[in-house]
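If you're matching them up, the sequences are chains R and H in order. Note that our numbering numbers the first sequence so that position 24 is 24, with each residue one more than the last. Note that our numbering numbers the second sequence so that position 111 is 111, with each residue one more than the last.
Possibly wrong hints are sitting among the right ones.
[What the hints assert, rightly or not] Some but not every residue of chain H turned toward chain R, in silico, with C-beta under 8 Å:
hint, residue
1, Asn18
2, Thr22
3, Arg23
4, Pro27
5, Gly28
6, Thr180
7, Tyr197
8, Glu201
None of these hints come from the bench; they were simulated from the model. Glycine included, every Cβ here is placed at the ideal spot set by N, Cα and C.
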Amino acid sequence: MTAVPEVHRPTPRVLVQFSHTDRRYLSLDAVEVRYEADGLGDEPVRAVEHSVLWFTEGKGEEDMGVHFFERVTDRGRLPPLAPSGQFSCRLPRSPLSYEGVIVKIRWCVRVRFFFASGRDYVSEHEFRVGGVPPARVAVAST
Amino acid sequence: MTVAGTDGVADHGPPRSNPFATRFTKPGSIPPLAADGSPLDLEPLLEQLAGGCVAITGPHGSGNTTLVRALLAAAASRGRHASYVQVRTAADGLTAVRATTTLPRAGVIAIDGWERLPLGTGPLLAAIAGWRGVTVVTTAHRDPGIPVIATCRPTPAVIVAAVERLPTHGGLIDAEDLQTAYDAHRGNIRDAFADLYDRFESRSAGGRLKRS
């Protein structure tokens, strides 16, 4: 089997501002997000999806839950006419962010652009919910 | 879906993602790689998806699923109907037969897990594929008795190139770790990643170590 050179596309960039600048929230807090996108290129954007979700990260099976979702298809709210956007939602009571060893629980907002060609670009921005301390890793004494 | 841009919680040290977590290493997250670690040219393989039943073989964790998914995506991008069935239980055999039977002519269906098909289902799928003019491409860990179009044999260069495509490990994993994980799991990249996950966790723990 032979190799083929990779094709490089311009890399979009999404800058996100959270209503809490330290990105730390508590259960039931309202999360407000504003973002700006650049580097999307000339290809038309057909839709943008905004979501607020949690997911697990670890060695095994994955789990996730989408807490907030909206799909924007109104041309007036899409790049290049509107290279920025905002959305908000109120967080649930749980799950809380958790930094474990085998599994972690992460919260994030995602901004996903769908281009006319069918390709998409996803930008993910993490934030914390709650104040659960990270798990400790046990190591043998020397 | 590939997450192309990410950032973490600002100014509060972490959370740094473990680059060997399932979400970054699961099949499809890393493109198929050639033995020297460069991206694999799928064109010669696509040309062999011309009807009938063919296989991709290789040991566990060697990238069979990654390759078949990439082939399917490439076929779909060329306008061919593409379908995927993961065989986990005997009931999935029926799903595979049904999907192959209803696939439009010239379509491609991936049956991921040939050995897990119920007895007799494989020959039946091959017969349906020939009769309907569709291509069944399957994955197997042993010789499935049908034409093999590719055999996945990871090399140390593959694991090095794969890790370069993961989120940064911040220097916590070195070349010796990669070789050790590769050797310990005899080329099973999936298990090697699980090993590296643990190494990363133990080294990134920093201030949260607890002596026992």
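Going through the hints against the structure:
| no. | hint | in the structure |
| --- | --- | --- |
| 1 | Asn18 | 7 Å, holds |
| 2 | Thr22 | 6 Å, holds |
| 3 | Arg23 | 6 Å, holds |
| 4 | Pro27 | 13 Å, violated |
| 5 | Gly28 | 13 Å, violated |
| 6 | Thr180 | 18 Å, violated |
| 7 | Tyr197 | 5 Å, holds |
| 8 | Glu201 | 5 Å, holds |
Consistency note: the structure conflicts with the earlier hints numbered 4, 5, 6.
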